[in-house]
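Protein sequence lines correspond, in order, to chains A and B. The C-terminal residue of the first sequence carries number 1255 in this note's numbering, and the numbering is unbroken. The C-terminal residue of the second sequence carries number 1255 in this note's numbering, and the numbering is unbroken.
No lab work stands behind these hints: they were computed from the structure. Check before you lean on any hint, since a few could be wrong.
It does not matter which identical chain is meant; a pair holds if it fits inside one copy or across any two.
What the hints assert, rightly or not - In silico lysine to aspartate or glutamate, EDC-like type, Cα no more than 16 Å apart, as pairs: (1) Lys879 - Glu651; (2) Lys1032 - Glu902; (3) Lys725 - Asp1226; (4) Lys941 - Asp1077; (5) Lys879 - Glu1178.
Number of protein chains: 2
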Amino acid sequence: MIGKHRWKLGATAFAVLAGFGYFAACGGGGQGQGADVGQIAQDRGLSQEDIARAVKTYVPTGQMDEYLLMSSGGHSGQVMVFGVPSMRLLKVIGVFTPEPWQGYGLGAEETHAVLDQGRMLEKDIGWGDTHHPALSETEGDYDGEYLFINDKANPRIGVIDLRDFETKQIVTDPLLTSNHGAAFVTPNTEYVVEGSQYAGTLDGTHASLDDYEERYRGAVTFFKFDRDAGRIDVDRSFTIELPPYAQDLSDAGKGPSHGWAFINSFNTEMATGGIGKGNPPFEAGTAANDMDYLHVINWEKAAKVAENPENTRTVQGRTLIPIDVAIEQGLLYFIPEPKSPHGVDVTPDGSKLVISGKLDPHATVYSWEMIEEAIANEDFSGTDPYGVPIINFDSAVEGQLELGLGPLHTQFGPNGEAYTSLFIESAVAKWNYETLEMIEKLPVHYNVGHLAAAEGDTRSPDGNYLVSLNKWAIDRFQSVGPLHPQNFQLIDTSGESMQLLYDAAIGIGEPHYAQMIKADKLSPWNTYPEVGFDPGTMAVSEEAPRAGDERIERDGNTVHVYMTAVRSHFNPEHIEVNQGDEVVLHVTNVEQARDATHGFAINKYNVNVSLEPGETQTVRFTADRVGTFPFYCTEFCSALHLEMMGYLLVQPS
Amino acid sequence: MIGKHRWKLGATAFAVLAGFGYFAACGGGGQGQGADVGQIAQDRGLSQEDIARAVKTYVPTGQMDEYLLMSSGGHSGQVMVFGVPSMRLLKVIGVFTPEPWQGYGLGAEETHAVLDQGRMLEKDIGWGDTHHPALSETEGDYDGEYLFINDKANPRIGVIDLRDFETKQIVTDPLLTSNHGAAFVTPNTEYVVEGSQYAGTLDGTHASLDDYEERYRGAVTFFKFDRDAGRIDVDRSFTIELPPYAQDLSDAGKGPSHGWAFINSFNTEMATGGIGKGNPPFEAGTAANDMDYLHVINWEKAAKVAENPENTRTVQGRTLIPIDVAIEQGLLYFIPEPKSPHGVDVTPDGSKLVISGKLDPHATVYSWEMIEEAIANEDFSGTDPYGVPIINFDSAVEGQLELGLGPLHTQFGPNGEAYTSLFIESAVAKWNYETLEMIEKLPVHYNVGHLAAAEGDTRSPDGNYLVSLNKWAIDRFQSVGPLHPQNFQLIDTSGESMQLLYDAAIGIGEPHYAQMIKADKLSPWNTYPEVGFDPGTMAVSEEAPRAGDERIERDGNTVHVYMTAVRSHFNPEHIEVNQGDEVVLHVTNVEQARDATHGFAINKYNVNVSLEPGETQTVRFTADRVGTFPFYCTEFCSALHLEMMGYLLVQPS
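Given only the sequences and the hints, what does the whole structure look like? Please build it.
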């Protein structure tokens, strides 16, 4: 771990190092090398500070990164896993978008089964817009078992098992037309929270925008997570109806605020745009009011309320708590919050909430104790148009601190530090949420959205590192055409002052939020634990062929092929069928050596499967086209990898 | 550029640095910082050599990488662009696989038009297996204008324009069932070469493996590249029929060998496998012979031969030179080459060929002068079963050098250096191809396939850097489950000894070959040059709406929407249609600021388009489902990005 010995930010320019003799001037056996480091740095245009940055981020061969950064992939539809401090991309996990390297959605029934769960309007959806990953938690700390991710465009949640880093489940939310405050988990991953963003009709019908206030609604769904099954249990999940504001980010309470969830909002104006009709555009209409509403929701009580069918309606097969029930049962309160906020972030001890309004320069700190008291005392200024009680601002707010322009999102350090991104200012503000004192600001390049501090949204933030997820890179990297990468900047937060360490280009997708977990909290499998393992069930499959089981069986027009893969051949190597036959391939990688992955592809038949050591998969297709089609291993496995092939022979029927 | 001042590989361990006082012992103003660099390195477990490595690979904020590494993405179906020496992933380019971040294949007609060119057997193909990128060349040097990439699984070539780093064309090859020796270009990019790998029937019919020698064939296609159009011209392309060996890698001659192409091969045994039937598996059957055949092809003459229809047959719409014509016209010769070779690599001056046989420990160096003379003198040992003249091995080979186990692929340096990957040994051999002397070996982790040296396959290699594309990573990175990333190792070749600099995890796809080009050779566009630009035609589109043109026009059941996007709204914001209407959206990003990209997505309708500054795109869909569907900007563009939205309202008809 870095940080024990702080590197002091020196103003000393490299020029003072006396003709780069700084290192060379040292006596002793190391003289030659020292001189060269200085000379190399000079040649490469590196300052002395840069040398320290290089040393802080370099992970030499044979060593490992200290943290994993689990990042959304934006509209790539995937999740990206980076190592910290090296910022190397260790894996892109296929979630909502088919991913052929992983054989995800390109022939293997087991992966199609996951993607098919995510169909909407009876359509295949070939992408997603992932924004907010949520690591599973136990008592408010990351436990390294699961990762959840939302799809804003097609309101869904993906469930990734961190034993094999594969997507196991996609759950749709038919009541929503869009989500954003997702995925966030409650402190023991009892629920995965999914707040809507753009309002729609809960029943999925058409409604004119003239009827917006009456017919459109927001909502928040609490998806019940069954940890033993490793799956969301839709039947035990419930949704709470909300007004048609644009709900934004969410967070779950912990410690004293355990049992509560918080969602902020914009467009409490209920603007419906219409620039083509001479109306103000959404961007103006949604920014008219000085205050929007922080949503305060008692999920623990709501779960009990939802158990009684008298309290709920069934809409599109899901359990809905109507807004009047939510109000009546004390599940839902509002508190004014400054102008179009983005982030609502619960402090590590659960005692405060930090809200930053992107059109207001302040961080506003709410006290949970004050909120609880206000609810108990019914200290309300009135209700919103839907009857939701509005807690008095002054009865809930402990204080405000002016941070700068466009504050978006806050992460925490171990000693009262809050780090807030300033989008318009392109900076990170470090301040103290106990004393409401500004500590310092660090410029970033450019347009920072979310931040990710090491375990910075848990009960016990680590400090050490902060990543600034900058939405634009502009001129930071060699140009690769008009679509530029984004820029994750790694910041050292172990010292008294924040120190920018590294610019990491993100040339795949447009990440929003990320979470950073200590790598030693995870226990991934390096191979599947037994030969014949089906990642869909995370168990050995009875159908999985083993060495010696290889055969081809015909049953009418269905041809079952029981195949194994091992360096460097498939068995069988010839598959002879008639045009129109249905072919079902059961294929097992019978290896147990780490990294001995085999691919299985059939030329021109749009089939590619990835078989990690021990894994079995099933491929089903109709041999509708006559010809001779090679199949081969797509993952370079051995010196005779190119020879690992066979033929599918489809003869005219 | 690094390398002017060489960093000497010192054996001095960090331990000799006297309790890490090495830097601290320095006098002068820099003392504090110096001490801290040493201390940080100690804390992080870095040796003194590691500090030098860190300094050599670190690119500080505001500086740029020196080279771009254009890498295949393996069965991800894409191309990856990395910066060197930082090894940061600057962009993944969608080629054969839809890529939603780039809006590639998810609603925009212009991108569907490209992907649809790649349909095979009348099927959509959702992936590819990219192996070998080829930068366009002028006089044997990279010119930075275009990039070509093959798809091994579904024999195709993708054409990428390096002005915008987007795929402009996909060309199928119906005569092949598989390719591998692709893409390689001739020295002025006259042709893009595509050699087959697994043999098939050229006419696409079924043929029993019992008839392998008679009915199966290999082939090589020379795709004519029209540089002005920026497209392959299929009508001016031709294919040469080859025996049913497994053709492998290719290279084009240059200088004295200009006009010739070289392809090596394995499985001249014509083994057909069949382990399930008690036959030897492919891996054994294809490795029985001690020699395979280097294919020597006169493409310049072949192009003239192909112009005369009397010399060719038309097969599946393509022009084929039959093997007997190729022999008769002196287009095709064989030379024995040791055991299942992989790489055939022409030296920078075009005078020699380096062949490495993966089952033979030598590099075999062929002399072009000797080959030319042998052809002139008909110095043949006989013919292969198909009548192809076989040049005597001794009449073509200048010498051999034993390199080690599993030599695969060779790249070149500026002063006679050859770098050859040793797959089985997991090492890189550096040797001199003039003197046939071994210089040194460097171990790599693990299973190196191809190598990429800076401009290392051109007429003028740069030296400086070499990347070892290692197929396995095993234990080099934090585990992310049973599918491990690969490991690109960056090697400094500027000094007398190769120096391993950096381990770069490749967590997206399974790259094979890469080419490294000096970044200043490229002139990418940072925005599209004018508002209304269509990347499909690389020109301004007359249909592109501009500011002030926004409108909605109904024509029967077709609704044309002329829309603009600008921070932070779409215009129009309401699209009201009836169920069953065909909606055609013409949308232009009217911005000209660098990085001001907007996305356009329609929730649940599987539409996501990326609009770079100035770009126009067309989205066509049937509004088949009733409801209210938000559309919104998927690329975080401004503080009011979340407000950049509108509604598609589909009412029952």
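Next item on the list: Determine which of the earlier numbered hints do not hold for this structure and return their numbers in increasing order.
Entry: 1, 2, 4
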